[in-house]
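Q: Note that the protein sequences, when read in sequence, are chains A and B.
For what it's worth, numbering that gives the first Met the number 0 labels the leading residue of the first sequence as 0, then goes sequentially.
For what it's worth, numbering that gives the first Met the number 0 labels the leading residue of the second sequence as 0, then goes sequentially.
Since no wrong hints were added, every one of them can be taken at face value.
Derived contacts from chain B toward chain A, CB cut-off under 10 Å, selection only:
#1 147
#2 173
#3 209
#4 218
#5 221
Worth flagging that the hints you see were computed from the coordinates, not collected in a lab.
Backbone N, C-alpha and C define an ideal beta-carbon position, used for all residues, glycine too.
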Amino acid sequence: MDRLAGILGVGAGVLLAIGLWMGLVQAPPDAVQGDVQRIMYIHVPSILTAYLAFTVVLVASIAYLLRGTRGWDRLAHASAEVGVVFTAITLATGSIWGKPTWGVWWTWDARLTGTAVLFLIYVGYLMLRSVVDDRDRAGRYAAVVGILGFFDIIFTHMAVKWFRTLHQPSSLERGAIDPALYLPLMVNLGAFITLYVYFLLRRVRLGALEEAVEAEVLGG
Amino acid sequence: MSFLALTGQILRKDLRIEMRSREGVNTLLFFSTLLVFLFRFAIGSSEAQVREAAPGLLWLAFILTGLWGMARTFQIERENDCLEFLRLAPGDLGGLYLGKVVVGCCLMWAAELVILAMFGLFFHLDMLPVIGPLVPVLLLGTVGFVAIGTLFAAITANLKAREVLLPLLLFPLMVPILLAAGRLTDLGLAGDSLWAEPHWLRLLVGFDVVFLVLGYLTFPFVMED
Chain A
0 MDRLAGILGV
10 GAGVLLAIGL
20 WMGLVQAPPD
30 AVQGDVQRIM
40 YIHVPSILTA
50 YLAFTVVLVA
60 SIAYLLRGTR
70 GWDRLAHASA
80 EVGVVFTAIT
90 LATGSIWGKP
100 TWGVWWTWDA
110 RLTGTAVLFL
120 IYVGYLMLRS
130 VVDDRDRAGR
140 YAAVVGILGF
150 FDIIFTHMAV
160 KWFRTLHQPS
170 SLERGAIDPA
180 LYLPLMVNLG
190 AFITLYVYFL
200 LRRVRLGALE
210 EAVEAEVLGG
Chain B
0 MSFLALTGQI
10 LRKDLRIEMR
20 SREGVNTLLF
30 FSTLLVFLFR
40 FAIGSSEAQV
50 REAAPGLLWL
60 AFILTGLWGM
70 ARTFQIEREN
80 DCLEFLRLAP
90 GDLGGLYLGK
100 VVVGCCLMWA
110 AELVILAMFG
120 LFFHLDMLPV
130 IGPLVPVLLL
140 GTVGFVAIGT
150 LFAAITANLK
160 AREVLLPLLL
170 FPLMVPILLA
180 AGRLTDLGLA
190 GDSLWAEPHW
200 LRLLVGFDVV
210 FLVLGYLTFP
220 FVMED
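Construct the complete structure from the given sequences, taking the supplied hints into account.
A: See the structure below:
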């Protein structure tokens, strides 16, 4: 597992370097937005990776409630933490992108609002974990919030979509962006997902080590 | 005991506690009056502004009052370790959840009627003709709020940081309810049919069903010790 994590770490670094070179140097600037648009190569992969991370939280939470094995709980916890980091990156890069293109750092647009709510739900999830001392109880409580949070996000996205939206259409929709911009985006997406899996493996291992130390100290 | 019997028992027990202590109703009356006063000061005296802000403020008032109501449903069980005994109740713990949801809804609907009356009185809004169309919005919006609120109140009831944590967990999940119920309330106050925007109604119904089912399924894991 450690070797695999190491390989993934190196792989993520290499892929990121290639992806960023393609996005920042090789790809042509956007016809309308110019170089500003290059932030897409970080913005879009990070939100997609965050969605992946929270889907993993959902699956691991259900599995933990059904099976009760610590491994599922560690996976859910690790994935939520990494997911929150990627969501924060999305919000930050989106804000930086919004200022020159829309003229404001923040707007109450559907996608922005939805992503902010997503962020708040999983920050709450992590805070809940941090205040419950007993690991099994923390795991069960968090699993419930992880499951409800995921379904709530679906409703939130529906609700905020019915507001007027300012955001450009999803960059992945067919014809939304030029093929010359598509390949670098895909390479970056691959790099982010590899990075996610690397972080996840490391965080799961850290969680296992924490529990082992605790058990030893308590003489378990 | 079948789970519906357990639901009925919880309902009878909690309503009896309420009838005898009147703690909930009294606090609620005072709290909602206070909120309406504060809202009025916050938005100034222009009648047009008041009307525009009314749907959102109404739901804000419901949710703030409801937050206190939700926390209360499990706090009364903390005294004398009542929660321990509830846990030992024969039958499906899901029945306990449904009982608490019904109690929570009853309390909130009572509170909502009071708040509506206060809004009518202090904001010069004529509530009587619009109360009919508003009823389904109040019913649907409240069920969704209570379905999640009851579950999260059970989670936070035994935590040290419960006063902070309950709103922190609950409020972000309430965004769909606030948007949908707020919009429908706006239609209702304007005297329009709710079916003018049926997608909001469908969203509320879907939200209620999904979270009642999820709450029912996950509640036993919250109660496990």
